[in-house]
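There are 2 protein chains.
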Amino acid sequence: MTAPKDKNQKVSIIFQPSGRRGAGFKGQTILEAAQELGVEISSICGGKQSCGKCRVKVEWGKVNPSALTEEERKFIAAEEEAAGYRLACAAQIESDTLITVPGESSVSQPLILKNLINFSSKINPAVKNYYIELPPPTLADPRGDLERLQESLRNHYGLKNLSIDYWALQNLSLNLRQGNWKVTALVSLNQEILSILPGKIEDYYGIALDIGTTSLAIYLGHLPNGQIIAANSRLNPQVIFGEDVMSRIQYALEKGGAGVKSLTKKVREAVNELIKEMAKSVAISPEEIIEMAVVGNTAMHHLFLGLTPQYLGVAPFTPTLNNALYIKARELGLMMNPAANVYFLPIEAGFVGADNVGVLISQEPYLQEEISLIIDVGTNGEILLGNKKRILSASCATGPAFEGAHIKFGMRAAPGAIERVRIDSQNGTIQYRVIGSEKWVTDGSSPEIKARGICGSGIIEAVAEMRRAGIIERNGRISKELPSLRQRFNAQGEFIIARAEETAFNKDITISIDDIRAVQLAKGALYAGAKILMKVLGIKKPDKVILAGGFGSIIDPEKAMAIGMFPSCALPQVRAVGNAAGIGACLALFDQDKRAEAERAAKQVEYIELTTHPDFQEEFIKALSFPI
Amino acid sequence: MTAPKDKNQKVSIIFQPSGRRGAGFKGQTILEAAQELGVEISSICGGKQSCGKCRVKVEWGKVNPSALTEEERKFIAAEEEAAGYRLACAAQIESDTLITVPGESSVSQPLILKNLINFSSKINPAVKNYYIELPPPTLADPRGDLERLQESLRNHYGLKNLSIDYWALQNLSLNLRQGNWKVTALVSLNQEILSILPGKIEDYYGIALDIGTTSLAIYLGHLPNGQIIAANSRLNPQVIFGEDVMSRIQYALEKGGAGVKSLTKKVREAVNELIKEMAKSVAISPEEIIEMAVVGNTAMHHLFLGLTPQYLGVAPFTPTLNNALYIKARELGLMMNPAANVYFLPIEAGFVGADNVGVLISQEPYLQEEISLIIDVGTNGEILLGNKKRILSASCATGPAFEGAHIKFGMRAAPGAIERVRIDSQNGTIQYRVIGSEKWVTDGSSPEIKARGICGSGIIEAVAEMRRAGIIERNGRISKELPSLRQRFNAQGEFIIARAEETAFNKDITISIDDIRAVQLAKGALYAGAKILMKVLGIKKPDKVILAGGFGSIIDPEKAMAIGMFPSCALPQVRAVGNAAGIGACLALFDQDKRAEAERAAKQVEYIELTTHPDFQEEFIKALSFPI
Ligand code: FES
Ligand code: FES
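Read top to bottom, the protein sequences are chains C and E.
38 is the number that our numbering gives to position 38 of the first sequence; each next residue is one higher, with no gaps.
83 is the number that our numbering gives to position 83 of the second sequence; each next residue is one higher, with no gaps.
Treat the hints loosely; a few may be bogus.
[As the list claims (entries may be wrong)] Heads up, simulated SDA-like pairs for lysine to any residue below, C-alpha to C-alpha not over 20 Å straight-line:
id	chain 1	residue 1	chain 2	residue 2
1	C	Lys261	E	Pro338
2	E	Lys255	C	Asn175
3	C	Lys276	C	Ala83
4	E	Lys603	E	Asn323
5	E	Lys261	C	Pro338
6	C	Lys541	C	Pro572
7	C	Lys328	E	Lys328
8	E	Lys328	C	Arg330
9	C	Lys328	E	Glu192
10	E	Lys261	C	Asn171
11	C	Lys328	E	Asn171
12	C	Lys74	C	Gly84
13	E	Lys160	E	Gln191
14	C	Lys57	C	Leu68
15	E	Lys62	E	Ser95
16	E	Lys255	C	Leu174
17	E	Lys603	C	Glu147
18	C	Lys408	C	Glu243
19	C	Lys255	E	Asn171
20	E	Lys540	E	Phe616
21	E	Lys328	C	Glu331
22	E	Lys57	E	Thr69
23	E	Lys603	C	Asp141
24	E	Lys603	C	Glu151
25	E	Lys603	C	Ala140
26	E	Lys389	E	Lys540
27	E	Lys261	C	Asn175
28	C	Lys328	E	Pro338
29	E	Lys265	C	Asn171
[Claimed, not checked] Counterexamples of contact, computed for chain C against chain E with all Cβ distances above 10 Å:
id	residue
30	Gln9
31	Ala23
32	Gly27
33	Asn129
34	Asn155
35	Asn180
36	Ile240
37	Lys408
38	Ile496
39	Ser512
40	Glu597
Just so you know, these hints were derived from the structure itself, not from any lab.
Heads up, the beta-carbon is just placed ideally off N, CA and C, and yes, glycines get one too.
So that you can see chain C by itself, here it is in the shape it has in the complex (with noise of 0.2 Å):
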């Protein structure tokens, strides 16, 4: 059954949730894999199929043998089976994989991104519990349940003609009399009752998803005292359809009705892992999720939905819909109360979506006098610009290079992730700092945490650092004239950021010339499209400049600068804020004026098309080098 090991049949494997990638081989198990990534898997018993402990789930691709062997049997049961379960250390890859390391089956804890998130909200939630005491029927009463609940509360409350959703409805005779006609009802938008539940209820929660192209986000909101009290991300499983935007909308339009499904059955299944991951952390039940508010680009966003993205791909690049919605949770599938509202966020046009939308209200430029200059950085990078007067969008294709993803050390921000670097420009000592540890390592230093790669605001400061300490030039390139013992001029020529004996995997994390040039292309995309949008603008400097995106750690304003990333600003305007597409859809979860401004601010953008502006390509070349 074990089939030969074979170095040159290379496979590619992707490791869910902490994105990390890379080449493996055809014959390796994947718990040899995962060492070789950095993607730690418990093995207590070494590998020797004993302990149980290295259970992966197998997404997609193949593995050898097809079947469990004996052995797994003893620690997967028959529905695990089904769903993909093996044990790492048993099963052999055979072609690209995508495995999921469960929480269970991981050493390392998820980040928390709710530190990651600045976040503070009015609190005016679309879902409201009102308490009610009912008086029970009689003979000489011979109304509905339903019915006496709606005079109740239109008594108390004046709330006046209140629908029930159907699920409500069916628990509602058995719920009034479990709490002996003293119930708490949740009413959606003072319009729709929600969930009727015995006795007084004053927790009851709200989820803002951000789908990004590349990486999930997802935020537990306490409704009634605006909290965000847990985070959770992941990889968008889409990407084995496709790393980007456009590759995706390709497979929907060449698998059709199919493609599409397949595309929206991945998202929303992560999704449901997420939403139970993070309730069991805090202990809490689906059930008890009563609201959703949605951001995500406009692919997502429909792919979310189960819309088709491919009008989205070709001219006149047309959404189905671009305004603001709410769907059932239930219809969509999600795993939670089945009545809750998911609310979408409206889309601007075709290339920008919901997501922008979030980072606008996040940010609120429409209510500003100063010209903001709104950078949010994601697989693609979203641009706006503009004031109360009058708002510009546009979107670069930057590739994902600042996610991670595309650089050879590349991995989402996660424990173990390089966030920080610091180089002497003197001696060329590096110091850096890696997600989960407070310490910085520096040469001989021994690590908390041994490093697995580098997330995005660490490649951002690497190579400001670097170019800060004369290693690349202003073109980019690795200077020889600069010998360190760091550098290596191999075929590709690279700059080792932590040594071998520092790292998971014990290979040396290095940043190469691919890695550079990515991070050019990246940052130069965006600071030409910032220059056309001043230009339509007609001004020659934004006011400030706010830095938004990623799920990483906060992207440095002083080393986004150094690198280019945006036309200079006197530092002290250039704030980084994180997620701001995150806090869109947590600020419309916690606020219902936040969704009629989201509705109203979309209306007022105007998107300009980049690739199509006679200076862009101009622009964009002089933007490839570093500004000094």
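Here the structure of chain C is known, so what remains is to put chain E with the ligands in place on it, guided by the hints.
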């Protein structure tokens, strides 16, 4: 494998859709049992398991062998096996059983019910079709498909603030393009887009559903032209959980949520089969059915909605809701357009349901000066009495005798059911007519269709004629003074209506003493109920009497009066209208104004509890005898 036949081990068998029921015995094949009970099943090979024509579906109960035989496998696919399909000549009955004879295995054609409802309606359906030609999207017009459609519908038809069903949304972009921007919008209540279809659509359909305790009746209407184009009916399969409302409530109470679920599932499955057959019969797709209007008594209404009926069975008999309601077809799992809205007529009071509201809007007593007495005969008897000033209602426990159940040779109105009976009081000659044939059968004449049982109207006719001819006495006994070849004084005492040689199963079809007793109890309850309502309203005599109900042949008013179903009234003032509840559902389907009328009418009616009325017992006992 073959178990011995044992005539002493009786089992009870029900055949659908005919509703024919009776005793069989263990070890008998389904085909043998069907033949004895007069249910025709195709059996070209004569039961040799070689023609495959006798396929039936075992819905409930055990048969032997429990798995398909090799012979059966030739005719029954694996999915069909899972659904319970067997060859009737192969499977032996082992326990009480419910068998469905599918259309293709049935010799006789289903009764065309649409002739039985006397129908004409204003045409103002809730769902209307709007043909529209849209401007195609351009780069200069970046709006979504939905927003462009909404604007066109506003501009051309003044339709404002249209929402869209989620299902319609999912097909929107494709359908607009397939129609080359020329499409028809099906819009519900001028509020919600249910479907966008390429081109100009002028045919679309709706369903009126009447959920009876014993029978389901369904009517297919062509919405824009107001015609009923097909109808279908079958046994309510919930009968296996109890014949009357109280026993089903009891079942739900004992089994809890799972009991409600299985009752709901049964009735929805049966409705889906009815829709499927009906759609096939007129060669339309279930997707073209875009609305439904539902009537049914309160328990049937609740169970179809998946609501527990348990609180309907105990004082104060509170329904979960009493107002009208719209629910999406897909929420109910119905086989029609998933975007369709299902309209439930309102309920009056605990035991006076939406079926009675259907009767009300079809007869409109609330618009008239004259006082109508409306008697709706079903498994329960529902009575309405009143005019524009005041309307009373009451419910009588009649039992299902008038639906042909609990009558030895009773059956639903289906081909072969005796529906008319005449007895010559001079010479005792009998003439009868069966559904499906125009020919009167009399001694010695050979029938076109062999009789298989007696339906509700046939039972009333038989009893009325037997009384008129003096065969039964006023108190209900069979007279011994009028000897006739047709009387038999065996253990029971019975009177032969059809002789063995005229019947499908070579056995005499008779009316027994027990049958006469059941008729007396049922008509006595109706009569007494009407008397009490007349007392409450303070009248001596209604201005007119309307006989509604049954899914059988329309009752002959003269015969009904002869047996004393209602207080006497000048015969020209008595009218039989067929299934008035079903007519009400059809009216609500074709004319949205009738819905508002139903909602008003339901609130006007006063429910009178008969069982607690001091005079009821006395009136009931008086009413047991025949009037003359
Ligand atoms: S590592 Fe112990 S079973 Fe796989
Ligand atoms: S009667 Fe022919 S197969 Fe059953």
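How the hints compare with the structure:
1. Only pairs whose Cα atoms come within 20 Å are accepted, and Lys261 (chain C) paired with Pro338 (chain E) is accepted, the gap being roughly 17 Å.
2. Between Lys255 (chain E) and Asn175 (chain C) the alpha-carbon distance is near 18 Å, which keeps this suggested pair within the 20 Å criterion.
3. This hinted pair checks out: Lys276 (chain C) and Ala83 (chain C) have alpha carbons roughly 16 Å apart, not beyond 20 Å.
4. For the suggested pair Lys603 (chain E) and Asn323 (chain E), the alpha carbons sit about 9 Å apart, so the restraint of at most 20 Å is met.
5. Proximity of Lys261 (chain E) to Pro338 (chain C) is assessed by CA-CA distance (about 17 Å); at most 20 Å being required, the pair is judged to hold.
6. Distance check on the hinted pair: Lys541 (chain C) and Pro572 (chain C) sit about 14 Å apart at the alpha-carbon level, within 20 Å; holds.
7. For the hint pairing Lys328 (chain C) with Lys328 (chain E), the CA-to-CA distance comes to about 12 Å; that is within 20 Å, so the pair holds.
8. Distance hint between Lys328 (chain E) and Arg330 (chain C) is fulfilled; the C-alpha atoms sit about 13 Å from each other, no more than 20 Å.
9. Note on Lys328 (chain C) and Glu192 (chain E): the hinted pairing holds, with a Cα-Cα distance of about 16 Å set against a maximum of 20 Å.
10. Between the alpha carbons of Lys261 (chain E) and Asn171 (chain C) the distance comes to roughly 13 Å, so the proposed pair stays at or under 20 Å and holds.
11. Between Lys328 (chain C) and Asn171 (chain E), the direct Cα distance comes to roughly 18 Å. Compliance with the 20 Å bound is thereby established for this hinted pair.
12. For the hint pairing Lys74 (chain C) with Gly84 (chain C), the CA-to-CA distance comes to about 15 Å; that is within 20 Å, so the pair holds.
13. The suggested pairing of Lys160 (chain E) with Gln191 (chain E) holds, with an alpha-carbon distance near 8 Å, which does not exceed 20 Å.
14. With a C-alpha separation of about 12 Å, the suggested pair Lys57 (chain C) and Leu68 (chain C) falls inside the 20 Å cut-off, and the hint holds.
15. Straight-line distance between C-alpha atoms of Lys62 (chain E) and Ser95 (chain E) comes to about 5 Å, which keeps the hinted pair within the 20 Å bound.
16. Taking the CA atoms of Lys255 (chain E) and Leu174 (chain C), the gap is about 15 Å. The hint holds against a cut of 20 Å.
17. In summary, the hint linking Lys603 (chain E) to Glu147 (chain C) is supported, as the alpha carbons are separated by about 12 Å, within the 20 Å threshold.
18. The hinted pair formed by Lys408 (chain C) and Glu243 (chain C) meets the criterion: a straight-line CA distance of about 15 Å does not exceed 20 Å.
19. In summary, the hint linking Lys255 (chain C) to Asn171 (chain E) is supported, as the alpha carbons are separated by about 16 Å, within the 20 Å threshold.
20. Distance hint between Lys540 (chain E) and Phe616 (chain E) is fulfilled; the C-alpha atoms sit about 16 Å from each other, no more than 20 Å.
21. For the suggested pair Lys328 (chain E) and Glu331 (chain C), the alpha carbons sit about 11 Å apart, so the restraint of at most 20 Å is met.
22. At roughly 15 Å between alpha-carbon atoms, Lys57 (chain E) and Thr69 (chain E) fall within 20 Å of each other, so this suggested pair holds.
23. Of the pairs offered as hints, the one joining Lys603 (chain E) and Asp141 (chain C) holds, with about 13 Å between alpha carbons and a cut-off of 20 Å not exceeded.
24. A distance of roughly 16 Å separates the Cα atoms of Lys603 (chain E) and Glu151 (chain C); the hinted pair therefore holds under the 20 Å criterion.
25. At roughly 15 Å between alpha-carbon atoms, Lys603 (chain E) and Ala140 (chain C) fall within 20 Å of each other, so this suggested pair holds.
26. A C-alpha spacing of about 17 Å is found between Lys389 (chain E) and Lys540 (chain E), which places the hinted pair at or below 20 Å, so the restraint holds.
27. Proposed proximity of Lys261 (chain E) and Asn175 (chain C) is supported: the alpha carbons are some 17 Å apart, at most 20 Å.
28. Taking the CA atoms of Lys328 (chain C) and Pro338 (chain E), the gap is near 15 Å; set against the 20 Å cutoff, the hint holds.
29. In summary, the hint linking Lys265 (chain E) to Asn171 (chain C) is supported, as the alpha carbons are separated by about 17 Å, within the 20 Å threshold.
30. No Cβ of chain E approaches the Cβ of Gln9 (chain C) within 10 Å, the least distance being about 40 Å, so the stated non-interface status holds.
31. No Cβ of chain E approaches the Cβ of Ala23 (chain C) within 10 Å, the least distance being about 39 Å, so the stated non-interface status holds.
32. Listed as a non-interface residue, Gly27 (chain C) keeps its Cβ farther than 10 Å from every Cβ of chain E; the least gap is roughly 39 Å.
33. Once the 10 Å rule is applied to beta carbons, Asn129 (chain C) is consistent with being away from chain E; the minimum gap is 22 Å.
34. Annotated as non-interface, Asn155 (chain C) keeps its C-beta farther than 10 Å from every C-beta of chain E; the closest such distance is 17 Å.
35. For Asn180 (chain C), the requirement that its beta carbon stay farther than 10 Å from each beta carbon of chain E is met, with the minimum near 14 Å.
36. The beta carbon of Ile240 (chain C) is kept farther than 10 Å from every beta carbon of chain E, the shortest such distance being approximately 23 Å.
37. Once the 10 Å rule is applied to beta carbons, Lys408 (chain C) is consistent with being away from chain E; the minimum gap is 39 Å.
38. With 10 Å as the threshold on Cβ separation, the claim that Ile496 (chain C) sits away from chain E holds: the shortest Cβ distance comes to roughly 48 Å.
39. Even its closest Cβ contact with chain E, about 40 Å, leaves Ser512 (chain C) beyond 10 Å, as expected for a residue assigned away from the interface.
40. The Cβ of Glu597 (chain C) lies farther than 10 Å from every Cβ of chain E, with a closest approach of about 19 Å, so its non-interface assignment holds.
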